[in-house]
Amino acid sequence: MSGNKPNTTKSIFTHAGVYLSLFLFLLPFLWMLLASFKTQVQILDTSKLFEITANFSNYISVFNKYSFLSFIWNSFIVGVGATVFGLILGLPAAYSIARYKQEGLGLLILVARIVPGISFLIPWFIIFSKLHLIDTYTSLILSHMLVTMPFIIWVMIPFFEGLPHELEESARVDGCSIPSAFVRVMLPISGPGIVTSSILAFIFSWNNFMFSLILAGDNTKTLPIAVFNFISYSEINWGGLMAASVIITAPVLILALFAQKYIIAGLTGGSVKG
Amino acid sequence: MKSSLVGLKKAAGYLAIVVGISSALVGCSGESATSSDSKSADKTEKKVQEIRVVAANHPWTESIKKELPAFEKETGIKVKIDSYFEDQLTQKTSVEFASNSKGIDVVMFRPLQDGKMYNKSGYFAEMSSYVGSEKGYTDDFIPSSLGSVKDGEKFYGLPLVTETEVLYYRKDLLEKAGLEVPKTLEDLEAAAKKLNDPAKGVSGFVSRGKRAAAVTQFSSYLYDFGGDFMKDGKSTITSPEAIEAFNYYGKMLNKYGPKGTLNMSWPEAMAVFTQGHAAFYTDASSLFTNATDPAKSQVADKVGFAPFPAGPEGIKPYNITSWALGIGANSEKKDAAWKFIKWVESKEMVLKLQTEGNPGARISVWNSPEGTAKFPKDLAEAIAANGKAEAVPYDRPVLINVGAARDVIGDVILAGIEGKDVKAAAEKADKEFQKILDSEK
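Sequence order for the protein chains is A and B. Throughout the first sequence, residue numbering follows the numbering used here, covering 2 to 275 in sequence. Throughout the second sequence, residue numbering follows the numbering used here, covering 433 to 873 in sequence.
No wet-lab data here; the hints were simulated from the structure. Nothing here was measured: the structure is a model prediction, and the numbers come from that model. Hints are not guaranteed to be accurate.
Stated by the list, open to error - Distance condition first, Cα-Cα at most 25 Å in a straight line; then the derived BS3-like pairs of lysine-lysine: (1) K131/A to K510/B; (2) K534/B to K66/A; (3) K510/B to K66/A; (4) K774/B to K131/A; (5) K586/B to K66/A; (6) K131/A to K548/B; (7) K548/B to K683/B; (8) K548/B to K863/B; (9) K497/B to K66/A; (10) K863/B to K498/B; (11) K548/B to K49/A; (12) K505/B to K548/B.
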């Protein structure tokens, strides 16, 4: 019996810690959710902080008055496009960096990610406006690839490094070229890594603000820009803002919960190398 | 022979890839604003022109969008409006202007925050020739509003939306205590002292206390005491008048203010007032609907408005142009842009938009009963009284680097609110402020 006691105290502390951090992390979400169902007066009244109301007018105005569907669509196209093209270029790149130890190249790609994004913006704006690509999905997808591709590459390098060389070699013996060994043998077993990197890459693109601000226009405005429609010079529509935030967060949250087990497998996949 | 054929095949293959990629790019490009702009600019004036207006998320923008079809019908000029939140607007327009893009024909900007920087950087087309070609065009505009958009005698914009600092107060609390509406800063302090009742959750006074945000609303106090931010390129924030103003403002918030004023910009301070937790509040007139709309305010029917109280040097509130319209320097459709500005600034249109709650800059509209119908009666009177007073055309030091200057001056305001040594803080800020001034010479 005596051996049990430290365990119980330990588990009490662990639980307390878990709930405390959950509380701290979830409180803003809770507030966001509650506020999205309230009117302005109710939101600002601190005595009714946790009062639950069911008033859908904020959500209705988000879709009717602010036509959020088109912004969701824009964000979706750009996010998926940037992730897919990021995968097409990033996966072979990551494999080659991992397989042939091209560390210099890897570093160069990382530098592109480290340089503050804003320093690209003026040259990009000039180039894209000369090409008449401002306010198009093309320019947005291309610019968001700067966010997604290096990320995909850097998540995938340790993953590919963790895969045994022998697999590729056996495929070669059986008559595969290097590219086809990559496509037929290595890619199919990299599922968890690819899922992780694409989900996180999609989320980064979904939340990207700066590139969309400069390169998007009225036709391609993405969600993070559109959220600011609720803040104007002399008014902040808190209810609408929170309803829009719920709508923006929900897909990402669902996506992350759904793919949670892949993410953990993917992030730790490369960590134990033989 | 054979090898050259292989080379040719390879080249053809590359070509096919390039064509494929570029057509795919064009395929997803969709409608492009800039491309249609430049195309129509190449053709003659008679063709349908489209101008691009980059504007702020502002009630004015919402109102004008509804009126656009009439303008298109009248002039044949199509207007496309992109609107952004104010800070984004600054970022977006600076990048576009800095890259010499021709995309912006008309720009909505904040004269006091961005005007000087944009003007010095050559982002604006000179507007004096357009304004000058109409005789007596500016006679009907409030002079202090025009002052916000001029560089010497040259116009780089026209005032669109104006605002001034007024006193918001709680009618019911004043009545209960048998107090008159304060006419001077002395009265205001006495009344705030009397109404300050923290036990009941009501503080006497609230206003902005957050570093940079507080500077604009502090400015009227500064002018009231006879001070100013600078004079002839020299900082004057250590003058005895300025110190007195810093002390007064700090004392009001320190003694009679709610908790946490150091973190309050207008949304927070306004929330304290509209939740019924403060008796007096000084801020911009443009925010009034937040206080008078029952959907946003618990004290909507109890709010009164008064002109800014008089200080030792009389009533000297700021009365400024918060938003103005300018023409992009690289625009290829400047004439069309001016036609648009002239149309939105016409007496009829300013009146129409002002009846929807957008305070304009035309004197005749403010003097007409329709022009003030949308405003609470006492607010309209307060704005008119402020306009007649010795109003100051700026609410912050007008510089290129406004943000840094506001931070420096904000520090002194903070010291005042915290009850620290204001003079020492002002002397420290004075040096930094002077550095900013010197760097812009």
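Tested hints:
no.	hint	in the structure
1	K131/A to K510/B	holds, 23 Å
2	K534/B to K66/A	violated, 31 Å
3	K510/B to K66/A	holds, 23 Å
4	K774/B to K131/A	violated, 31 Å
5	K586/B to K66/A	violated, 40 Å
6	K131/A to K548/B	violated, 28 Å
7	K548/B to K683/B	violated, 33 Å
8	K548/B to K863/B	holds, 22 Å
9	K497/B to K66/A	holds, 14 Å
10	K863/B to K498/B	violated, 50 Å
11	K548/B to K49/A	violated, 45 Å
12	K505/B to K548/B	violated, 35 Å
Checked against the numbered hints given earlier, this structure breaks hints 2, 4, 5, 6, 7, 10, 11 and 12; the rest are met.
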